[in-house]
Structures are given as structure tokens and as C-alpha cells.
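Visitor: Here are the chains, one letter per residue:
Number of protein chains: 2
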Amino acid sequence: MQPSLSLLYAFSGFTVLLAFAYAVYLCLWVKRQKVENVRIASIGELIRQGANTFLRREYAVLARFAIIAAVVIAVLLPAPIWKGNPLDNVLMALSYLAGTVFSALAGKIGIYVATMANTRTAEAARKGIRPAFLMGFRGGAVMGLAVVGASLLGVAGVLMLTHQTTALLGFSFGASSLALFAKAGGGIFTKTADISADLVGKVELDIPEDDPRNPAVIADNVGDNVGDVAGMGADLFDSNVASMAAALVMAASLDKVTGGTANTATVFCYAALGLLASIIGIATARMGRKGSPTHALNSSTYVTTAIYLALTAGATALFQGFRWEIWGASAIGLFVGVIIGMVTDLFTNDTRPIVKNVAKASRSGPAFTILSGLSYGFISAMPAMVGIAVSALAAYKLCAGLGDGYAMFGISMAAVGMLSIVGMIISNDAYGPIVDNARGLTEMGDLGEDALNVTDELDSAGNTVKAITKGFAIGAAGLTVISLLGAYLSEVNASAAEMGKALLSGFDVMDPTVFFGLLVGAAIPAVFSAMLMLGVDRNAQRMVAEIHRQFKEIVGLREGKEGVQPEYDKCIDIATHGALRELVPAGLVAIVSTLLVGFIGGVAAVGGFLIGNIVSGLLLALVLSNAGGLWDNAKKYIEAGNEGGKGSPAHKAAVVGDTVGDPFKDTAGPSINTQITVVSLVASLMSTLFLALSIF
Amino acid sequence: MQPSLSLLYAFSGFTVLLAFAYAVYLCLWVKRQKVENVRIASIGELIRQGANTFLRREYAVLARFAIIAAVVIAVLLPAPIWKGNPLDNVLMALSYLAGTVFSALAGKIGIYVATMANTRTAEAARKGIRPAFLMGFRGGAVMGLAVVGASLLGVAGVLMLTHQTTALLGFSFGASSLALFAKAGGGIFTKTADISADLVGKVELDIPEDDPRNPAVIADNVGDNVGDVAGMGADLFDSNVASMAAALVMAASLDKVTGGTANTATVFCYAALGLLASIIGIATARMGRKGSPTHALNSSTYVTTAIYLALTAGATALFQGFRWEIWGASAIGLFVGVIIGMVTDLFTNDTRPIVKNVAKASRSGPAFTILSGLSYGFISAMPAMVGIAVSALAAYKLCAGLGDGYAMFGISMAAVGMLSIVGMIISNDAYGPIVDNARGLTEMGDLGEDALNVTDELDSAGNTVKAITKGFAIGAAGLTVISLLGAYLSEVNASAAEMGKALLSGFDVMDPTVFFGLLVGAAIPAVFSAMLMLGVDRNAQRMVAEIHRQFKEIVGLREGKEGVQPEYDKCIDIATHGALRELVPAGLVAIVSTLLVGFIGGVAAVGGFLIGNIVSGLLLALVLSNAGGLWDNAKKYIEAGNEGGKGSPAHKAAVVGDTVGDPFKDTAGPSINTQITVVSLVASLMSTLFLALSIF
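Read top to bottom, the protein sequences are chains A and B.
End of the first sequence sits at 1336 in this note's numbering; the numbers just go up one at a time, nothing left out.
End of the second sequence sits at 1336 in this note's numbering; the numbers just go up one at a time, nothing left out.
Keep in mind the hints are simulated off the structure, nothing from the lab.
Worth double-checking, as some hints may not be accurate.
Just so you know, same-sequence chains aren't split out, so a pair can sit in one copy or run between any two.
Unchecked claim - With a straight-line Cα cutoff of 30 Å, these simulated DSS-like cross-link-like pairs (lysine-lysine) come out:
1) Lys-1276 with Lys-1286
2) Lys-1276 with Lys-996
3) Lys-1141 with Lys-896
4) Lys-748 with Lys-671
Work out the full structure, taking the sequences as your base and the hints as a guide.
Guide: Shown next, in the form of C-alpha cells:
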């Protein structure tokens, strides 16, 4: 059967509609459940307002940035407006803006449902773990369906309307640039609040987590939403769009050679089937009578994987022009993604020996918590890096036989494959902050020991799954940027051909310009993540000072006198202001250094820059995320009564590890992903200008 | 004037003799000073014995490794013995062994004089800071002169006797493989003892540093010698030999084309003049009446730099065939080395704002010490990486006009230039552990408050200078391995030409095999340094248990009862055993992974592997060394009475930072240098076999 592209557009549209319809259904289902406890309802309202206030202010800052960027794009890209076709420039700028708007909308929807599901999960916890799990999971699923539906809709829409793959890169850049700031800003917010709440609450005053007397406790719960829901949603929206955009750029140029549309059709077909598989996976997710929430989350991931592989195999058998090699490449990507997830689990799950080792080392003091955790973090990067390397090599070799250019297309399809189940991944990931919030609400609403145990178990599953999905996201970003590197090379050569300049065959590291870029590019993720961590550090110190002030000045707060409330909004304000102040410089460092290298060293230097950036970015993202997850769970393991339990010296040391790990895993680590993607897209978009204007 | 190569061999020989003669003179001068205090003499004897015991055991382990490696080399390199000329194989194996023996000798001499100078510096401290400074500096200078003399002698000797540049790579590999283990083993020893002594002494029992009641105190002093003197000597011997070997390999192939010997002559001439400049710099180093030790050390470095530039400029003007471009490249290297040193100073000197910031952050607890220090460490890598990148690019562009192959030769001469003043650098560096030991001896020998103040000031200068020399060493290693990458490529192509295979034009990162190697290679320094840090961690926990046992079981030790002594030798034993047990696996991981990548992926994959290894290795080495130095000095800054001073919460937090930083800066960071060099040399030596036998 010969699939027409319009048929596949229609099919993509159908799955998108299905996803949106199901998301609306789930959202209404969540909303229908009543929140009866007045205290929970009012705290939930505080969280909802705090999150929306932050989002509104953040989007106001980012809107200014996006408008400036859109104007620059309209003037300069894809070619300076005085040289090319002005309509192309307008389309490019509009695509860019569409990317930012879609990304912002996905974040907004996520926050909307997450701040509704948290209170309801807390209430459901009184009825038992199974209804509470379902509430948390379905709340997260709305986000998953919205993000994947929006990314497929956006990509297909831009391509149908503009018929230009360069506009796709513009859309993707819009998504990335917003994600960079949303992830960094949300990450700074959430960790500022989390660290400050813990530092004063648990360490200094010895009051429990989520105690309503703590002035930072609402900010902490808001942070879970703006960092882990909105930020993470923007991050995975970005990765998903970038992987599709890179694959479509290559598919279009291959189709141009062969004259058909088979490769473009393959990309859309696989992406739509991935969404369908995620919908089925989400719909069938249940916690068995004897099962655990971790088991339920993992098994629905495996179900989705199997459905995706079966559906795409069927499509490949059915449709003319679909190649088994391409299917193989996407299967390799998905397979390696699952392996990376398992390795992450090995390093961060507290039922495994490594977390126990770190907990044991904590008996000798915090220095040993840090040393051993960071060392295991270093080691944990290796299997994932080898996995990404092997999958790229295997996809390349598998598809190289299909003809010129298919090898790189194979790598991009491995990325699409890895991200095919992203709907499921996001659902699992957004589940985490919802049940984390629910735990806090249960504590603050005094729902009793049983409900607290239920939310504790749900929360612990959220942490384990979060580490796995994070490994998955980094792996996918790795493969995506490799294919973006291919996209960059083809953009450079397309421009070079037009300008009558020599074509680049690749990026030879023995060329000192490439090597120059390589070393500079490798330093950027380190500087970028350091700026974010220092931002958290500075901001947390401000908030700690504010908490101290409140405990000192508000009479009766410390003792928990009836009717005395801390000024929650002051802490939310500090987190918001600080995050907005700190996020812009870090993002600009990444973008400006790309431009500097490009205008000084030219396109070859930028090639080296991207490679160095990818290599050191992947390494640092893996190390920071895994070490952070490891410390978090080592602390939880000790709190469960091991190595002396709560309050022991080992516990105090583990708290230090956890505090260090917080900005590692929730601010710096995952932001590096986005930083790599943004830099790759800036390079591709600016390639013509670098060619024309560079000094060397 | 046309310089003959024999003339330059003779001149090199003359400078080597001069260096050795001056080293013997200084050594006798040190020895002539008497140690009058009986207690100091006896403790000094304990340190000497401990250091020699460790060296003897370490060398026994390494001798076995070296003999096995020599046999493998004799069978397989430069070509399998059944294919090539067996005599070449024997020469290669002998060169390798010579490299290991020279390196071991340099370490042995360093220990000999350092364990003599420490007691004498302590005694001299009673007379004042100037004689004490001179004693510490001259003790270190013996090491500097011995190392540089031995490296020039070895390189010239091997080349004169074998007339083969491949044998030079064998010599260099011998030096590197020993350095890898010596640095790693010494690094594990020294930090095991240091951390354990601090942890029990300062943190738990609140007794001063270097208190003789502490069972680990002698092991700590031994560690300074085996880690910082012997290990560091082997490290810089290795870098110096590798830079000369890489330059000579390229010079020989350039000379083959032009028919002269001018390029080889240039390398020897510059290296010999560098040694001469160091001798003059050392001979004129004095502490002025009003000066500080830091000032004295730094100004002698600048004097040496100026003399080197003047002498080489003179030689370039005088000799036919010497090119100003090459001189320029070596000057660029030296210049960038000095800049990197200054940047390191900016990040680690406690009179500058960054150390103060970290000290201030420590007020909020150890997590903030770690977060801020590590973040600044991340940022500190950038200027050095950009510096290395710029110097490589500038040297390349400067020399590219001279003809084919001169560009890479220019980079290698930048490395030679950066290392030209290594004699001075080592003298400054070895000064550190000598005065550190002297401080301990002054405390243990009860020489009074004045002498303690003198040794404190000397020690603080040692720490500052050490950070600078470490930055210098990493920069030099960076440039050296870039030129080793060039050497690897020419080795591969020489073999490929012989075997009738296609030549490589370079390493194109868009080739998925290269990219595969790149990702795997980038993970290795992380794993390698993690293994060393975990080794320190495990070993320190064993020693802490032993110290606890002694304080519990030896009656009167805690109270300092007259005549009660701890069992120092038990702690030395633990450090020795542990270091030897932990060093081998880490070293093997680096070597075996190179072989695996080579035999699986072939020469292109190894090219990528080397590049990934260099990039992530440089990044991690800089981050770990600088963060470690930063924490060390933040602690010292607080101890000087700032942010609450000794015993304050900020101080406790800074001690955690210092403990984490210890293995960062003295075990993992500097060992990465050697790991990169070893891997590069293994690749060059094995290139023929990879070409012939790889799977892909």
C-alpha cells in the first residue's frame, strides 16, 4: 500500500484529536472528584495561586525575550531580509513564536491539572492507595497527552502550512528557547524553596517536612509544580519537537532525491503511532491488588514500548516505501532508552547496593557522603554514554546501506524511537510532583497516619521513576543532538553551495579551528550549570534569612499557636524574583558564546563547539542527575531506619548530600539537556550568517 | 651559523651535567646542615623510613607490571616480532624499561632529599623565615633539576642510541605508565592519611593538626612525600618527556622531507636552554628582606620565563634553519601557561573574592560550601580551556605557512615552550610538601610559637604556588596530548601506507565510528577518577577504624601521658596496602578500554576515543584541582579568623569542603593528566595492531 502524505497528516491529526479528547476526559474526571477537607482545599488554593503567579511573571519576562528574538529572526533568518524572500522571514518568525506559545501552553495546562490533582490525591489517600495512585497518575497523564499531542500538532501544522523544513527548525528553536528558560527558572525556584525549607525546618528547628509552621512550605509545593511539571513539560516538549524536526529535515532532503514522500511519511507515521501507543498505555495503567505503584508505573512503560514496536512493525510491513532498517533504527533507540533507564535505576534505587554503600559511607560524615555519591555519579555516566554511542553507531550502520544520507537519518529515527513513548514518560514523571504535593497536603491537612503512609509510598515510587525518566530524557537528547549536528552540517552545505563556497565534508578534529571550538564548547555546560547552581545558592540564602526573620518576629509561630500563620507569600516572592533574575544570564551565556565562536571562528569552529558541547553536556547531565537521585534516595533509605535512622550522624550527613544533590538533579542536570538543544538549533539557524560574516 | 645535531647533543649533555652537578651541590648543602633537636631527628627518621617502605613496595608491584608490559612490547611492538625486525622490538622494550627506571629514579631522589630537607627546614625555622625558605626551596630544587635533567638525558640518549623516534614513544610510554601508577598510588596514600588524621584529630577529638598523639600523623607526613614529591615528580617527568617525544617525532619526519636536521636541533636546543634557564632561576631565587615566600617563588618563575625567552630568541637569531615562527609558538605556549597559572590563582587564592565567597557560603552549612565551591570549580575550567584552545590555534596558524606538517609541529613546540620552565615549576611544587612536613615537625618537636608561625607562612605560600603549578601542569598536558594526537595520526598513516590501506586525513566526527569513540573516551576520565576517589574513601574508612581502635586500646594516648606513643606503623601499613590495592584497577580500566575500542572499532574509533578523553579529561582535571584548592584555602581563610574563625559552624562546613577537596586536588585531578598521556601513547604504539586486527 502506498501511503500518501495527506493520509498520514490526517492520521496524525486523528491521534492528536484522540489524545486531546482523552486528556479533556481525564481532566474532567479529576475535576469531578470533590475536595471535602476545607483545610486542604485552602492550602491547595494557595499552591495554585503561587504557581500561577510565578508562571504569569515568568511568561511576562520570556515574552519580551521571545518578541525580541522574533524580530531578530524576522530580519535575519533564514537569510537577511534584504537578500532573500521576506515572506520566508515572516514565516520563520511566526514559526518561532508558535513554538514558544505551544511550549508555554503545555506548561500552563500541566500546572492547571497538577494543582487540581494534588488535593484530590491527598483526599483519595484516605480511601486507600489504589484510588490515590489512579488520581495522581491520571493527573500526570493529562500533561503527557497534552505535551505529545501539541508537539505532533505543531510540527505537522508548521510543515503543512509552510512546506519548509527550515521553518520547522524555527518552531523547534522557539520550543527550545522557552524550555531553556522555563527549565532553568523553574529549577531555580523549586530548589530555592526546597533547600531553604529543609535547611531551617529539618536541620535547625527539627520540625517535620511539610509542617505548616514553616514559611517556605507553600513555596516548596509551588516549586514542585513550576519546576517539575511546567519546566519538565517544556523540556520534553522541546526534545520531542527537536527529534521530529531533525528527522524531518533529513527525510525531506532524502525524499527530494528519490522524488517520493516515503521518508517524511515514515516519520509522521511512527510519531503518531507512538502517541497512540502512549494513549493505550495510559488508559490501561492500573495498580494491581497486590502490586506496588513503582511496578504499575514501570509495567505501563513496558506495555507502551511493546505496543509501539508492534504497531510500527505492522505499518512497516503494510506500507510501500517504509524500510525495515529504519524501523530497526527506531527500535534500537527505544531499546537503548530502556537500558539507560535500567542503569539509572541501578545507581539510584535504594533497594540496590550502591545507594546502600553511600548510606553506609555517611556514617563517617558528610564529606564521605559527597565523595562516594559523586564518584558513583561519575561512574554512572559511562553505561549511558556507551549506550548512546552504540545505538548511534548501530543505527548508522544499519541504515547506511539504504543510500547516501540514510545513515544520519537512521540516527535521527533512533532518537524518534527513543522518544516515541514520551507521552508515557511524561505521565510517569508528572505523577511525581503531584503525589509529592499530595504528601505535603496530607501532612498539613492532618489526614492521619494511614493517609500519610499511602502518600509516602506513592511519593517514593515517584522518586524512583523520576530518576529513570530523567536518564531516558538525557539519552533522547543525546541522540537528538547528534542528528541536529547532521542537520547543522546539511544547513551549512546548502548555504555554502548557494554562496559558491567550498562544502564541508564533516568536522575533522585535526583541523585546529574545529579543535578550538571543541574545547570552548566543552566548557559551556560546566559554566552554564555552575551559574544555575550559584543562583540557587544565592537565592536560598536570601530565603533562609526571610524564614529566620519570620520565626523571630511572628509571635507564636515556632510553638504552633492556634491561628498564627507564617507569611507564605513572602517566600514565594523571593523564589520568584530570584529565579527570574538568575535564569537569564545563564541562558544568554550559552547562546552568546555560540554566536561568538561562530562569528570569530566560522562554521567549522561551530561544528567543533557543538561536538564539545554535546560530549561534556551529556557527561555532566548524567553525573549531576544520577548523583542527585542517589543522594536523595540514600537519605530516604536512612530515614527508613537504616544506618542509625532519622537523627543519627549518618542521617545528618545524608541530608547534606541531599541538599547538594537537589540543584544537581532538579536544576542543573536537566537544564543541560535543553542547553545542548538550544545551542544546536542556534547553530543551524545561524549557519548562513556564520558562513558570510565570520572573521576567520 | 649551521648547528650540527651532534653539537646540540653535546650542548644538551653539558646542560644535563650542569643540572646534575648543581643538584648534587644543593643536596650536599642540605645534608651539611645539622639537625640538633633529637625529637625532630627521630620523627624525621620515622617519616623517611615510612616513605621508603612505601616506595619499595610500590616499585615491587610496578616492576612486575613493567616486566610483563616489556615482554608484551618485545613481542608485539613496533610490529609483531614475526613480521618486522626483532632488533627493533628489543630496542623498544629496552626503551620502555629505561623510561620506567628513569621515572622511578627521579621519584627516589626526590624522596631522598625531601625527607632530609623537611627536618632541616623545621630547624632553620627557629632562625627565621629566610633561612627556612632557602632550605625548603633548595630541597625542592634538587628534585626539579633531577627530573628535568633525567628527562633530557633519557630522550637524547634513546634517540642517539636507537635513531628511532618510535623508540622515543616507547621511552615516553615507560615514563607514563609508571607515572600513572605512582601518581594514583601516591595520591591514594597521601589522602587516605590526610583525611583520616583530620577526621579523627580535628573533627572528633579536637586536637591540633600534626599532634603527635594522632596515630595517623606520621602517615600523613609520609603521604606528603610519596604523593606530592614522588608522584608529582613522576607526573611532570612524564609530561616533559611526552612533550619532547611528540615534538621530536614530528621534527624527524619534517627533517626527513627537507633533508636537514634543523627541526630536531630546534627541539633539543630549546629544551636544553629551558633547563639552563631553570638552573639560573633556581640559583638566583632568594627571599628578599621585606618579601614574602609567595613573592619569592613567583618572581623566580618570571625570571626563568624571561631568561628562557631571551636565550631561545638568541639561538633562533644565531642558528640557520631555526624559524621565528617556531620560537613564536613556544613563546605562545609559555605565555598561556603563565596565564592559566594566574587564573588558577584568581580562583584559589584566599586574598581574592572567590575564596571569600565560598567561606561566606559556609555559614549556611556544608552543603553550601560544596555547592558554591564546585560551581566555581566548574567556571574555573573555562579560561584554561579557552587558553589551551587559543594557544593551539595560534601556534598552528603561525606555523602553517612554513609548509606541510609544520602546523602540528608548532602545537607541539607550544607544549615544549610551556614545559620549558618545568625545572622551576617542579622546584616550587616540591617546596610545598617539604615545608608542609616541616610544619608538622615543628609542631611535634615543640619548637615554639615563633618557629610555628614561620612554617605556617611557608606552608601557606606552598599551597598557593601548588595550585598555580597544577594549573600549569594541566595546561601543558593539554597541549602535549594534542600533539600526541598528531603523532598518533602520523603513526597510523605510516602503518597504513606500509600495509597498503587507505590513509586517514583526520578524524571526522560525523564518521559514526569516530563519534562512538568520542563518547566512550569522554566517559573514561570520569570513571578513572571516581575509582581513585572511591579508593581513598574505602581506605580512609579502614584507617579511621584503626585510629579509633588505638585511642580506645592504648591507655593514656588520648590524654598525652608521657612516654605513651601511638602505633604509627599500623597506619602507614594500611595506607600502603590500600593504595597498592586500589591503584591497579583504575590504571587498567584506562589502558584496557583503549585496547577494547581499538580492537573493536579500529583506528578511527581510537582517534575519537583520544579526543573525547582529552576534552573531558582536561575539563575534569581542571574542575577537580581548582575546586580542591579553593576549599583548602577557604578553610585556611576561616581559620585565620574570618566568618567566625576556628570552631565556628562556618569552619566545620569548610572542613567538610576541604575533606572532599583533598582527593579531588591531590588524587583524582592530577592523575587524570597522566591518564590522558598514557592512553595517547598506548594508542600511538598499538596503531599498527589496531589497523591489522580490529573487528570493524
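Visitor: Look at each hint and say if it fits the structure.
Guide: Right, here's what the structure says about each hint:
no.	hint	verdict
1	Lys-1276 with Lys-1286	within (9 Å within a copy, 33 Å between copies)
2	Lys-1276 with Lys-996	within (11 Å within a copy, 34 Å between copies)
3	Lys-1141 with Lys-896	within (22 Å within a copy, 35 Å between copies)
4	Lys-748 with Lys-671	within (16 Å within a copy, 77 Å between copies)
Violated hints: none; the structure is consistent with every hint.
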